[in-house]
Every structure is written in C-alpha cells, then in structure tokens.
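2 protein chains.
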Amino acid sequence: MNESLITYSSLNGFCVAIFRKIGCSEQDALLATKVLISADARGVDSHGVARLSGYVRLWESNRINAKPNIRIVHETPSTAVVDGDGGLGLVVAPQAMEIAIRKAEVAGTGWVAVRNSNHYGIAGYHAMMALEKDMIGISMTNASPLVAPTFSLDRLLGTNPIAVAVPADKQPPFVADFATTTAANGKLEILQRVGKEAPEGWIQDAKGDVSTNPHELKDGGALLPLGGDRDHGSHKGYCLGSVVDIFSAVLSGANYGPWVPPFVAFLPLPENPVGQGIGHFFGAMRIDAFRPADEFKAHMDNWITTFRNSRSIEGEKVLIPGDPERWMEEERMANGIPLQIKVKEDLIQLAAKFGLQHPF
Amino acid sequence: MNESLITYSSLNGFCVAIFRKIGCSEQDALLATKVLISADARGVDSHGVARLSGYVRLWESNRINAKPNIRIVHETPSTAVVDGDGGLGLVVAPQAMEIAIRKAEVAGTGWVAVRNSNHYGIAGYHAMMALEKDMIGISMTNASPLVAPTFSLDRLLGTNPIAVAVPADKQPPFVADFATTTAANGKLEILQRVGKEAPEGWIQDAKGDVSTNPHELKDGGALLPLGGDRDHGSHKGYCLGSVVDIFSAVLSGANYGPWVPPFVAFLPLPENPVGQGIGHFFGAMRIDAFRPADEFKAHMDNWITTFRNSRSIEGEKVLIPGDPERWMEEERMANGIPLQIKVKEDLIQLAAKFGLQHPF
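Respectively, the protein sequence lines represent chains H and G.
Numbered according to numbering that gives the first Met the number 0, the first sequence spans residues 0 to 359.
Numbered according to numbering that gives the first Met the number 0, the second sequence spans residues 0 to 359.
Excised from the complex, chain H in its bound form:
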C-alpha cells in the first residue's frame, strides 16, 4: 500500500496552519489552501499538497513574500495590470481574477495581466470563479522553461496551461484546463515513479530526437508542445504556449521564455531577468454582454448533451471537458483524498519543521 486516504477538511486544516506559519494572514492562508487543495480534490495531484513543501522552500529562500501588497498598477475600463509583489500565486491569482470579474460587471469583459507572482495552482480554479456570476472565465500562466519550441533544442516555454470555464444551465459547466504540451509534467513524474516509458511525442532528447525515457529532461531533453512533432502539429502547440507566455508576461511585465523563475528553490534564478516573477493572464466575459444568460445556458445544455450523447468508439465514452475532474471531486469529497506515501512523508516533515500536529 503506497497511499493512504485523508479527508478534505483535515488536509485543509493542515495547509492553513502551514501557510500561517510562513506568515500569511488568516485570510490569505485560507485562500491559498482552498486554491491549492482544489487540485487534490479534482484529481490533479501534481498541483496540490504535493507542492506544499515546494512553496515553503521558496519562502525559505526569500522568493515568496507572505505579506504581499497586491495592487493594480495600470487600468482601463476593461483591463488591469496587477503587481503580485512576490506573493503566493495561490493568493495573487484569485485576487486578480476577482478584478477581472469586477471589470466585466461594468464593461462587459475584464482582462487582467499579472506580474511578480509565483505558481498559482491549477488554472481551472481561477477560470471557474467566473461561473457563479454567469460569466465565462479564462485563466492562463507561464511557467519555468521545460518545453522546446518546434525544431529547437532549447527549453524556452513552460507547460503554460490554459483554462476556460463556461456556465451551462441544468448540465454541469464546461471546464477545459490543459497544459499546452502533449503531456503535462505531472504525467511524466508518474511514469518516473513507476518506471515506465513515455509514449513517443511527449519528449525529445538533448539532440532533439524522439525519446521515450521519462528522465530525459535531466540529460538536456525537453517536453514537446502539443502535437509532438511537426507532422502532428507541434507548431500549433508551440503557438499556444507562446500566446500564453506573451499574454501572461510580455503584457504584464513578468519574466518570459527562458527567464521564467523555476518553481524549485534549489535552482538559481535566471540571470538578467527581463521582468518580475512569473506572469498570469485572466479573463472574464459576462454572458449577457453578448446574449441573455438563460438563452445562452439553454444552448450550452444542448451543446453538452449533443456531444455527450454522440456515438462513441467501442469501449469508450465521449466526455465533456471537466467531467473527469468533477467526478473525481465527488468521489474524493465523499471518500477521502489519496496521498502518495512520499507526499505524506513530506507533509509529516513539514509538520515537524514547524512543530505542528499533523493528521497523517
């Protein structure tokens, strides 16, 4: 048995305590925890508590400001640039998304570029904030460079995810949330743990040749943009990752491309930074800035049921973006969140570091 179950509320209490210990306000600790463990609840284990000790190490190396002065540095009726003041992305991002939503309430849409931030958890959380307001939510972020553009040997882009959340009426919302690479880094980490090869098209080696070795990144290899190779449209994945980088960082004044700071504190910060911290980009579009929300949502129900009920390949089922994560959340909220033994040990060490009780 290499994993055990923990309840959402136990995990919540523990994470809040840790964020308080590094100096977050009660409010920020609650918010950071909510964002962080939404990943565990939704089954995106790579972005949840597995990263908690990583955030703490960033704080220990003075790369995270636990008491940030998050502020708007420039704005128009439908836009803002937010400076995250080196705060936890988990706190900066939802505040920036709130600003996008407030802009949308007045101007129809709101678009917020963020600089001087850090890792913001799962992209989908922030996009989904728009749903209860009858808005479409959009969220993207750049990330430390692991991805080689088509035909390049250099790692110049992050896995740069995009999330889009669209409300429906009786149907659950449409929630797309995906890295712009063939496979997210978390999937590679799973293969590393179980000692399996990666499918072709996920990674290249240091010479740019096809590789199936999940450890290839340690030897100068790179993740590949969605598409994998030129014949299969990797130039499109490269376009997508680039757009995320430009919107998140060149618009906001954050670092872009190879200058994006690493998540892991043991790697040095890139020299000669071209901006501040990492960057995010958020959008909120009020449905009724286009057509009546009830009309739109009825059509979304029709869209969703049409796709869900289409004829499927034998043994498979056509899914709607967001289905697997929603099902996972229902299951885990009812039965508990599984923790890998390594993650559990990591959290127990964190508890010891701060002299905290732990529920593990």
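Since no wrong hints were added, every one of them can be taken at face value.
So, partial list: chain G residues that the calculated Cβ filter (under 10 Å) puts toward chain H:
1) H73
2) P76
3) A103
4) V105
5) T108
6) G109
7) S151
8) L155
9) V163
10) F246
11) L250
12) P257
13) G274
14) P320
Simulated from the structure, these hints should not be mistaken for lab results.
Just so it is clear, the structure is predicted and the values come from calculations on it, not from any experiment.
All C-beta atoms in this analysis are idealised placements derived from N, C-alpha and C, irrespective of residue type, glycine included.
Based on the hints, put chain G in the right spot on chain H.
Then chain G, alone, in the frame of chain H:
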C-alpha cells in the same frame, strides 16, 4: 506543368469583377477580394481563389446575401454581437473586427461575436488588422463539422481555427494562425490530389480506428483534434475546437456543432438549425491598456530574437509564428501566385459564366 503564375493585381481585378457580378457593392467586392486573396499571397492556397467558385455557388443557392445589412444587435462598452445578415464572411468579418478595434480604443479591449455569417477566409487576416493600431488581434470561427471529439464517431466540430497577432517593434509581428485539428483539411486535399497516405493521427475511419487514407471522410471517417489520440493529447485539441465553437456560435446565436452549415452548396443545410449561419469571434486588446506600447514591443523583439536564435535541431530552423506566411507573401508578391491547373480551369469557367474577360 500543373500550375501557372499570376500576378496579385490580375487576381485582384478578376475577383473584384466576380464579386461585383454576384451583386456586391464596389466597396464590398474590394474588401472580399482583399481578404480572400490574402490567403493566396500568404500560401494558404486552400482558402483563397480556390474557393471563389464555392462562394458563387453558395450565392446561386441563395445561401449568401450579397447586399447584407451588417449590424450590431447588442453591445456593452467592451463587447458587441454582430448579425452578418447572411453576408459573405469575407465582408462581415473585417467589419466585425473593426468594431472590436473601435471598442478597444475606448474600453481597452473589444470582443465581438458574430452570427449569421459564412466562411470568412483566413483567420489570420482579421487578427492582423489590429497590428497597425498597436493592438493584439484575435480571430476564430467555427466551420462545418468534419472533426470527431476524442472517443466520438460523430463529426461535431469544424477545423475551427484560432489566430493571434501580436505587434513587435523592429521584428515582424508574431502571427499564429492554425486549425485546432492535427492537420487542416487543405493538407488532406493535397494528399488526395497527389495520391499519398496521411500520417497516423490526422484521421480516423468510420469505426474510430487509425486511418492513413486521405479519402476516409467520404466513408464516414473524421478529422482528429490536435493531438490525434488520447495519449497524445487529442482531448486538448477537442477542448480548443470546442472553445472556438462556443465563443463563435453559442455566444453569438449562430449554429454550433453538427448544425454548422456546410461550405459546399451541394450539401443540404442541417435540419432544425439552432442558430443563424456560422459564427465568428474577434478580439482586440490595446497594448497600452496594459503597458506602454513601445516597452511591450521592445520586449516582443527580445522574445522573438531569443526564440529565433535558439539552438536548432540539425538541418532545421526555429521559426516564429508568421514567418513562413510572411516569406511566402514576399516571394509571391514579387514573382506571382501559382495557380493549380484545376483552380485555373475553375476560374476560367467562372469568367465564362459571367461573360467576363479573364487573365488566366
């Protein structure tokens, strides 16, 4: 020799004459032509004059209104919904993009959803309209269903392209313009003509199995979303195509999914339409709604040169999105635009139909 060269200006004059013959105003004929043959100039041969007779056949079957009353039916400071009144997408789309640009001038960004339109040429043309205003331009459209969502046997999405144009300073602009499928339908048509097999991951057969037969769509097969299969991220391409469909059509009140009208006039219109015509979605973001434009453009120059000058795989060169089309345009404006013999014959027939002189 199965192609001949023609100058841009000859092609321009001929297309304007044809659009005039179907009843377009002089202004609309000039605009439609400019949009249409920007595809030929940029090397996207599938979307240029090769489609001219297709537009004429749509008009002959009363599916295109040559004298549309293109109008805003709903708006907020940063949004509008435009009804294209069944007009040529080639005319409706640039007018809608103009509205997005005007909105951005006042509100920082402008977002326009369009219903009741038709095929709008290349996505990139419309996005690039934003460049000279120091804005980022975004353009997308849905299209007739040829693409099966991951695990589906049904064709529910079009090739649904996305274009994003970003201005730079001394460097040429960044212009991404791509179908959200592994390969655009035009690439399949080329393989059909030359009798070659398609790479795996482009298409599936009627049972959802891998196929390399470029004629598979005639036998119930489908194009595949970017990624190709689940292991290679086709669910991400499916997400992208879906977002384009929802933004273009569910927001605007156009037809979506399997209800999108076909481009070819010999196919019947789908029964029980869920909206009007096909849909587009445009965005314009003023750079200085985020940061000073000169600062942004200097960083874009740095972004572009960093990526362009990265180490490349042996025998290849790292490109910036927009490079191949720009090089093609320079070459073709200088030396002429090649016309496939079949396209040329088609245009000669069009000339005969309308009693026009032709330059071919």
